[in-house]
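Engineer: Those sequence lines, one after another, are chains E and S. In case it helps, the working numbering puts the first sequence at residues 1 to 307. In case it helps, the working numbering puts the second sequence at residues 1 to 85.
Please keep in mind that the hints were generated in silico from the structure rather than gathered at the bench. Just so you know, not all the hints are guaranteed correct.
[Stated by the list, open to error] Simulated pairs of lysine to any residue, SDA-like, Cα-Cα distance not exceeding 20 angstroms:
{"#": "1", "chain 1": "E", "residue 1": "Lys248", "chain 2": "S", "residue 2": "Thr28"}
{"#": "2", "chain 1": "E", "residue 1": "Lys248", "chain 2": "S", "residue 2": "Gln44"}
{"#": "3", "chain 1": "E", "residue 1": "Lys248", "chain 2": "S", "residue 2": "Leu25"}
{"#": "4", "chain 1": "E", "residue 1": "Lys248", "chain 2": "S", "residue 2": "Ile50"}
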Amino acid sequence: MYFPISHSHINPVYLVVTGFVIGVLGGFFGVGGSFIAGPALRAMGLDWNFAVGTDLAHIVGKSVVAAKRHRALGNVDLRLGLIMTIGTIGGAELGAQLIQALKRAGNVNFIVSVVSITVYLSISAFMIWESWRTLAKSNGGKLRKRPGAATLKADRSAFMHVTKALQRLRIWPMIRLPTSGVTISFWIIVLVSFIGGLFSGFLGGGAGYIRMPSLVYFLGIPTHLAVGTDLFEIIISAGYGTFTHAIKGNVDILIALVMHTGAAIGAQIGAIATQYFAGPKIRLAFVPLPLIGAAIVIYTLLSGHKL
Amino acid sequence: MIARRKSEGRRTLRAFAIELTLYGLLVTGYFFGVLHFLGNWLVQLETQHIRIYASVAILLIIGQAVMLEAVTTGLLRLLRRGRSE
Numbered sequence: 001m002y003f004p005i006s007h008s009h010i011n012p013v014y015l016v017v018t019g020f021v022i023g024v025l026g027g028f029f030g031v032g033g034s035f036i037a038g039p040a041l042r043a044m045g046l047d048w049n050f051a052v053g054t055d056l057a058h059i060v061g062k063s064v065v066a067a068k069r070h071r072a073l074g075n076v077d078l079r080l081g082l083i084m085t086i087g088t089i090g091g092a093e094l095g096a097q098l099i100q101a102l103k104r105a106g107n108v109n110f111i112v113s114v115v116s117i118t119v120y121l122s123i124s125a126f127m128i129w130e131s132w133r134t135l136a137k138s139n140g141g142k143l144r145k146r147p148g149a150a151t152l153k154a155d156r157s158a159f160m161h162v163t164k165a166l167q168r169l170r171i172w173p174m175i176r177l178p179t180s181g182v183t184i185s186f187w188i189i190v191l192v193s194f195i196g197g198l199f200s201g202f203l204g205g206g207a208g209y210i211r212m213p214s215l216v217y218f219l220g221i222p223t224h225l226a227v228g229t230d231l232f233e234i235i236i237s238a239g240y241g242t243f244t245h246a247i248k249g250n251v252d253i254l255i256a257l258v259m260h261t262g263a264a265i266g267a268q269i270g271a272i273a274t275q276y277f278a279g280p281k282i283r284l285a286f287v288p289l290p291l292i293g294a295a296i297v298i299y300t301l302l303s304g305h306k307l
Numbered sequence: 001m002i003a004r005r006k007s008e009g010r011r012t013l014r015a016f017a018i019e020l021t022l023y024g025l026l027v028t029g030y031f032f033g034v035l036h037f038l039g040n041w042l043v044q045l046e047t048q049h050i051r052i053y054a055s056v057a058i059l060l061i062i063g064q065a066v067m068l069e070a071v072t073t074g075l076l077r078l079l080r081r082g083r084s085e
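Next comes chain E alone, as it looks inside the complex (with noise of 0.2 angstroms):
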């Protein structure tokens, strides 16, 4: 098939096929699958501009599917969505000044490639750790397999000091979040989701492998809120993403459309699947998707090559 914007011939069923796999995976751990869905468009002959902004696009439809279901189980905290907003921009816009940076210094891909690569194997190692003595301390790793309202906010962490001392830190304002069980600092949230954004902006993509476990990990949010949550705010996120790019003509919303079919279905699956896990089940889940996006940047520094 051809797609007249970005001037390429690629097959649509492999374009529905691959959007229907990072369909799957969003909707189940909240991230966008730009570490997936980048290198797949660029193995079709998509140039890199146009594959990091078309990936883009088809994860602002993916996620808007992914969270209408998760909102639909009760899994979206709204409040917690909308004021992660603010950081993330401003962390994504100074994550983008970062890499203009380097771009004048000489050095960008290096950098940023030894950046992910630490980012990436350091989140998988933590999360194995984490979730592996959470499943052993609970019951001996067996787990409720439906959890109801009660084991959601029954969400247990082996990192839950940390998370409950930076509850305790009564900074003004503090905002009550009714539906995810936390009260916490306003600008401890701004924080963590300034720290996605700039991660977001640095390394591209949504940054759902660091904001998810984060919202766990540093708010509290048990693991089921955290991955519809995560997916609202990607909307809002990589729907600034998308504009940006497109109005530099790197969007072939053509081929995302078509991408989207395939996201649109798997997205709902992914998102009906986290019912029948508990959140560390999840989280220990979660480990491989990161070690992917290590895998493929180590790849690319050591070959040369752009996947």
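Chain E is fixed; fit chain S onto it per the hints.
Structural biologist: Same frame as chain E, but now just chain S:
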């Protein structure tokens, strides 16, 4: 107990397969209908009015997301009703 679970699982898989087939047919029609006609207009917009193109791009992807979500939810409901009757 195990037999009931197995038959439930089989029914869910069958419903899912029917949903995927119906969805596939709808999406194929959509490709050849809507995207084909939109193509030229979007190319013109992208070359002549990039800011309008950016806004239309976001509206299109959100619109498609809402529409496809409604289609899949509707299909699931239809199949569930068909099963219970």
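Engineer: Take the hints in turn and mark each one as holding or not.
Structural biologist: Hints, one by one, checked against the model:
no.	hint	result
1	E:Lys248 with S:Thr28	31 angstroms, violated
2	E:Lys248 with S:Gln44	15 angstroms, holds
3	E:Lys248 with S:Leu25	35 angstroms, violated
4	E:Lys248 with S:Ile50	8 angstroms, holds
Hint check: violations occur at hints 1 and 3; the rest are consistent with the structure.
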